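Chains as they are written, first to last, in my numbering: chain X, 1 to 291; chain V, 292 to 588; chain S, 589 to 1090.
Since the hints were derived computationally from the structure, they do not count as laboratory data. Fair warning: this is a prediction, and the values are worked out from it, not measured in the lab. Glycine included, every Cβ here is placed at the ideal spot set by N, Cα and C. Heads up, some of the hints might be wrong.
Every beta carbon over 12 Å from chain X, so not counted as near; a handful from chain S, in silico [claimed, not checked]:
id: 1; residue: L945
id: 2; residue: G949
id: 3; residue: G954
Derived pair list, reagent style DSS-like, types lysine-lysine, alpha-carbon separation capped at 27 Å [claimed, not checked]:
id: 4; chain 1: X; residue 1: K146; chain 2: S; residue 2: K974
id: 5; chain 1: S; residue 1: K866; chain 2: V; residue 2: K355
id: 6; chain 1: S; residue 1: K1074; chain 2: S; residue 2: K663
id: 7; chain 1: X; residue 1: K201; chain 2: V; residue 2: K510
id: 8; chain 1: S; residue 1: K1086; chain 2: S; residue 2: K1074
id: 9; chain 1: S; residue 1: K974; chain 2: S; residue 2: K667
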Amino acid sequence: MVLTPAQRILRALVAWAVVMLFAFPIYYWITVSIKLGRDIFAIPPKIFSFETSAKSYEEVFGISLGFEKGIAVLPGGGDFYMAPRLMDSIIIAVFSTAVAVLVATLAAYALSRMRFRGQHHFVFWILSTRMMPPVAVAIPMFFIYKDFGLLDTYTGIVLVHALMNMPLAVLLLKSFFDDIPKEIDEAALIDGASRFLIFRKLVLPMALGGIAATAVLCFIFSWTEFLFALTLTQTSLKTVPVVSSTFVTSTGTAWGNMAALGTAAMLPAFVFILLVQKNLVRGLTLGSVKQ
Amino acid sequence: MVTRALKGPRFMVSDHPLPWLLPLIVILVVFALYPFFYNIFLSFHEFAPRKRALVPVGFENWQKLFADPRMWSAFYVTLFYTGVCLTIQLVLGMAIALLIDSDDRGFGFLRGVMTLTLVIPPAVTGMMFLLMQDSQFGLISWTLQSLGVLSPATPILATSSLAIWGVILADVWQWTPFMVLIFIAGLRSLPRDPFESAMIDGASAWQIFRRITLPMMSKVIAIAVLIRGIDLFRMFDYVFVMTSGGPGTATYTLSLYAWQQTFSFIKWGYGATLSLFALFVILIAANLFVKIFKVRW
Amino acid sequence: MRESDRKLFLASVTDRYVRGELSRRNFLQAAGKLGLGAGALGLTATLPFGARQGFFNSAAAAEISPDADMMAWLKDVAKPFAGQTIRLATESTPPSNAINQHLKPFFEEATGINVEIEVLPLEQVLQKLTLDVASGLGTYDLYYLDQSWMASFSGDVIDPREKYAASSALAMPNYNFDDFLKPLVDGISMYEDTMVGVPYDIPIFIYMYRKDVYDELGLKVATTMDEFLANAQAIQKAKGPDIYGTTGQMKSGHYSLECDWTAWLWGHGGSVFGPDSKFSGNDDAGLAAMEYWVKLKENMPPGVTSWTWDGQGQSVGQGIAGQVLSWGEFFPSWDNPESSRVSGLMEAAVPPAPKALRTVGETGFGEIPGVGHQGGSSLAVSKYSKSQDAAWLFAQWATSADTQVFITTLGGGTGPTRTSVYDDARVKANAKPGIPGTTRHLNVVRDTIDNHMGSEPDLPEWAELSNDTIPVELGRFFAGEYDNPKAAMDSIADKVNKIVAG
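Extracted from the complex, chain X is given alone in its bound form (with noise of 0.2 Å):
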């Protein structure tokens, strides 16, 4: 769209105002996080000014960033290092991101330029396994992961994530094929290459922004998913959902903690998204059949 200078200055400003509305709540979110416990529930709200301090970051991660630190009973579980806590998180969401991916992309590509017989059925298949509500997976899922020995290990919270992301991620990247044109594998077909080279060489690098989109939602899934990590682990393992529910304690929320530990949880997230999002670029398929 051809937009005047005006039109884009106006353009701008509304985006900017429309984002920072949706940014406000993180700002809030990271505003209780360094403040001071009485001053979370200060009335009139105090949204720029007061007093800041560490302390909350200082108890969820185990460290002193040269405040005073004594002997304390915290809130949280107890166990208050939680910087190896995020690490089963982005060992989680990241390997279970590789396997939904890797497995939706094979299959996606079969559906976008293969016809079977039920095809349509097939697919609304794989899509209603998403359908079952997650409390009634997670109960026949622990009594086959204690089987398997997979209860409390990081193969099993991995599959599991994976599998709850394949529906997404098969139907995303399939819709994402099917906007390249056929006509690119058939000429390859006719000059004699193999399927898979085409899907390698030709397709793939197309489809980079779709399947850079595809990995984004799937990471955000597995990094924000709570009922199958709480209920298929015990202690060897955390994802920050559940470490976060923890500052729920019988004498109050741990609100500055719980907000310290989701603002550092946001970071790791945040950079993949910058990472991949570096793929979502426009116009990949332009012109690429007519040359």
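Starting from the known structure of chain X, arrange chains V and S on it as the hints suggest.
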């Protein structure tokens, strides 16, 4: 020809889709089909607390289900919630996607920030909004009360008519960016030519959106609606954290009800029945959607 | 040792070293066992932890030196179990956090038993236990049992007294079951004739008020229900809406609402069940309680209907409530100047006397009426555990008088379950105002346990009734969906009786 360079091992030359689909099928059969049948089995059994074992109960759970006013109330709440959230997120998501899909300076940053809401676990989002909507200490409540829109006597999350909107606010805040992200990816994968020719023909922005963008995006929109609709129908975290389904049963969803029956009351059979009911409802709804909007895969 | 446990242990060792309780030699020895040399610890440069004394109750914490005899006995008797791992899922309560963060390493060091503690919110503990029990898989060796679940899990645990008598080799000397406060044993550990677990923690309703507000308005500590209401009204009139008369935990559909309800119900001579095992909250006493509660609510912040104990505690801590009848556990956090605006301003008293009080015989399902509603918990050894002996050793250690002293001084607030702990000099030394880990309310807690305690009925359906049926309908009532208390209570009676009848 570019393809000349592509001669290689004739691996997977055949056009049979099975090798490509096999990993997916294996994963789905093990992890998705088994739980489904297990729940069907459970729905004809109930956990006997004293015996610590499952005993068969025939169709009792199913009869109970259809006669359970709590279930119907949860069903309507879930439907209402799903409908409202989906509509808002779809429209708002598309509008924002069009707004920030620009290559001008700063927009890449804006798109990144927009996705930030998604990386917060929903249970934590629930806590955030619980805090912000607290009638005594909450930022949102305080603002609305200062503006005279909200009476202090009606706490958002504890007033029957308002509570669901409090929960919807959290959901819309967190998940509209999901729509934005999908739509932007969709917009970016569209070929440019039709737009260029339309502009040369002097079509208005609305015409281009209505006649070109929307139809070409239809598949992506369908996926977004389906995935989001399914997730909304299963929504659990927000109500669990923010309202416990209250006041009364005003925000009790099917998923919360199933969770509670399963884990709080150890009624695995009835919990499974509720889950299956929810599954069937989504199945029917999704099927209708696919038929009506003629989605073909 | 798992990575996280290793770090935890290292942290504890380091902390002790920093405070000079541990010689450099011992410290390096311990660290060496963990595979860390002096270089890795940064000993040559600066320590990883600030070397100054903390603002927390470090004076008390610095003295974590477990009873030498007990540790020696543990070391000796645990030899066959060294290397075993025991698991416990528990609510995030002060005692559990104190054990997990600071005390556990001492037990592990002495016994060689690995202890893995999962700390979760209450509902999730129930979820984990449910799966474990229903599958009989023994993924947990120890259960943290809230008193309201006692009946549900009574068949899945080992009676600690029987265990104590049966395996004399593993019976901790001087463990002394009689040291546990008698009402607690009845209220949180007994189901019918079996002892389900050992009393572990006791949050209980006490009466807490703002001394400054009372002094300013010339109010006296209420001794009756009517005085309590009158005080609330007086504060509300003089100070509202900056300071409300009282506050509550009245979130619809949440267990906390049921807790508040029982206190007023019992305080008006009512009971949840009659001797005929039928719901009796809709009788005259029950309706009088509702009428009182409604009047009291007029003096609470409007937000109470969206608050659990979390919001309630916050409202007092933020200084917007003049008095409250609630969990004594809150008290120390209100004395913490970092998180509270009322540090040093609160005082505790026993709950106001009930208008009338039913006897246990006049109620059903072992309900014990009393204004001091208790929310205690016990620690039980799972019947399905494969390391029952190791688990039993841990349970004894965790509930021993010595360990409870450290829990109390570290965690503060938590009510010890043993008489001797209340009398312990180390606990009494912390009874100072304005410090985070204060124990100055514990005399009131003890008095309340002995003389004013109320306990919920024990029946397998209680989890459903107390977490759902009752608080959902009460929530409806306070949201204005019922015309009058009678209609609400009759509706609850209908539903409860149906569920109890099966």
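Would you mind confirming whether the straight-line C-alpha gap from K1086 (chain S) to K1074 (chain S) stays at or under 27 Å?
Roughly 18 Å separates the two Cα atoms, so the pair holds.
CA of K201 (chain X) to CA of K510 (chain V), is that 27 Å or under?
Distance of about 25 Å is within 27 Å: holds.
G949 (chain S) clear of chain X by more than 12 Å, beta carbon to beta carbon?
The claim holds: G949 (chain S) sits with its nearest Cβ about 32 Å from chain X, beyond 12 Å.
What's the verdict on K146 (chain X) and K974 (chain S), does the C-alpha distance respect the 27 Å limit or exceed it?
This hinted pair holds, its Cα atoms lying about 15 Å apart.
Taking the minimum C-beta separation from G954 (chain S) to chain X, is that value above 12 Å?
holds (24 Å)
Could you grab the alpha-carbon distance between K1074 (chain S) and K663 (chain S) and see if it respects the 27 Å cut-off?
Violated - the C-alpha atoms of K663 (chain S) and K1074 (chain S) are around 61 Å apart, more than 27 Å.
Checking the smallest CB distance to chain X, is L945 (chain S) really beyond 12 Å?
Label holds. Min Cβ-Cβ 27 Å, cutoff 12 Å.
Straight-line alpha-carbon gap K974 (chain S) to K667 (chain S), limit 27 Å:
holds (17 Å)
Just to be careful, I want the Cα atoms of K866 (chain S) and K355 (chain V) compared with a cutoff of 27 Å; is the pair within it?
holds (23 Å)
Hint compliance for this structure: hint 6 alone is broken.
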